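Student: Read off the chains here:
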Amino acid sequence: MSEPKHMRTALARVRGAGSARSGTKHFWYQRLTAVANIPLTIAVIVIMITLLGRNQAAVAQILGSPAVAIIMLLFIGSTVFHMKIGMQVIIEDYLHDESARLTLLMANTFFAVAAGLASVYGLMKLSFGL
Amino acid sequence: MAETRAPAERPLSPHLQIYRPMLTMMMSIVHRITGFGNYFGILLLAWWLNAAASPGAYARFQWFAGSLIGRLILFGYTWSVIHHMLGGVRHLIWDTGRGMGPQEREWLVAANLIGSIAITLILWIIGLLFMGGPQ
Numbered sequence: 001m002s003e004p005k006h007m008r009t010a011l012a013r014v015r016g017a018g019s020a021r022s023g024t025k026h027f028w029y030q031r032l033t034a035v036a037n038i039p040l041t042i043a044v045i046v047i048m049i050t051l052l053g054r055n056q057a058a059v060a061q062i063l064g065s066p067a068v069a070i071i072m073l074l075f076i077g078s079t080v081f082h083m084k085i086g087m088q089v090i091i092e093d094y095l096h097d098e099s100a101r102l103t104l105l106m107a108n109t110f111f112a113v114a115a116g117l118a119s120v121y122g123l124m125k126l127s128f129g130l
Numbered sequence: 001m002a003e004t005r006a007p008a009e010r011p012l013s014p015h016l017q018i019y020r021p022m023l024t025m026m027m028s029i030v031h032r033i034t035g036f037g038n039y040f041g042i043l044l045l046a047w048w049l050n051a052a053a054s055p056g057a058y059a060r061f062q063w064f065a066g067s068l069i070g071r072l073i074l075f076g077y078t079w080s081v082i083h084h085m086l087g088g089v090r091h092l093i094w095d096t097g098r099g100m101g102p103q104e105r106e107w108l109v110a111a112n113l114i115g116s117i118a119i120t121l122i123l124w125i126i127g128l129l130f131m132g133g134p135q
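Chains as they are written, first to last, in this note's numbering: chain R, 1 to 130; chain A, 1 to 135.
Next comes chain A alone, as it looks inside the complex (with noise of 0.2 Å):
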């Protein structure tokens, strides 16, 4: 007669919890998150294409981005794009075996996220100062 057995009570491997966060350990989720919110900023390409055809839809897609909201949806947007392609640049790097050392590593995910903020604020700059755009 067969009897289906209940599964052994078997230890589960540590998870997140048991460890001390680590940088590069934040580093790996945000990495994940920027991804996740990047996937959902198409939606912002999307509309900014086809709004550009006519005056009176690039006139409300502009209306929205210069408004507060607008600009801190586009200033987060840029920081998660900057941010996911920093952190693209660290994952490759890895790939190839490369910058694995306990220094070099925590040097990358220092450099990613000084780097990704760095380059948001010199853009936004440019944009602002330079360029006299959103408007």
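Chain R on its own, in the form it takes in the complex (with noise of 0.2 Å):
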């Protein structure tokens, strides 16, 4: 009869999956911003189309104004989460060589920060006048 190698179970070992420990941790947020990107794309769609043929005087009161302001970062960082897993998807599928790899996963962390930011430090103005 042979000994168990270790006595934790199944799910213990698939919940802590990887060297990392964090086996699921990219699924999990992958689905928890796109179930918030539902409802933060469709406000964000109604806010553009409300937008539209407005001078720039009233897109920028209206985009600084708090509820809208709130919705658009919401929609920012849930989108910018969203994008850079999903982006790190991709490379990880199609890119073997180690070093193109890391460079691409180093770069789309950069790209999603830094255009997340931009983002935010646009609405920033908009909303406090700086």
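Zero decoy hints are in this set.
Some but not every residue of chain A turned toward chain R, in silico, with C-beta under 10 Å:
hint	residue
1	L45
2	A46
3	A53
4	S54
5	V89
6	I126
Keep in mind the hints are simulated off the structure, nothing from the lab.
Keep in mind the model is a prediction, meaning the values are calculated, not measured.
For glycine and all other residues, C-beta sits at the position ideal for the given N, C-alpha and C.
Take the two lone chains, each set in its own frame, and fit them into one complex as the hints suggest.
Tutor: The structure is reproduced here in structure tokens:
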């Protein structure tokens, strides 16, 4: 009769999967941000349509108003997180050369953070008139 | 003496070129491509939000958005976002284990494709006819 190698249950091992102990983290955050993105994207589309044809002063005032700015910020946060994970999966799937993969994984994070913070900066400027 | 052996020639699992193209398969690829496109679309959002602070910058953004190439990009971006969102809903349904049957999955991908085209056209009709933009 063979000895069991460890006392941990299958579920416990799955939950701590992989050497990084975070096996299902990305899967979960992909779904979490996907669900958040549905109402946020619909709200942003409605905001964009109502802003069509308005002049710059009106657009700046509406985008900078609290409710609209907060919805935009939530959208940016959720979307940037979602697209960063998604692009990471694409890079990991198709790039097998180690150095190219590491370079692009870094670039992916840089791009997501930079584009996200630039968008947040634009909104802050409208909200606080800096 | 240690010898390094060449890896055994094992058969590879069949990949894309083996299978007859199917709608579900193509839509899986389209979901990834639209996600890839949406990734760069955030640059337009960042530009728009930063341009809104000054009349000159906003005029430049509006000139781009109203140009032929700008409208084509924005139209494609609209469809890409809507398609990816509906595709996401489809994947969330599949995550629960539902909608996997032979007819159900075909119905879902067809609804995804038809829905994304219809919603994109409706949004642009509302935008162009009723809201007066993009100018």
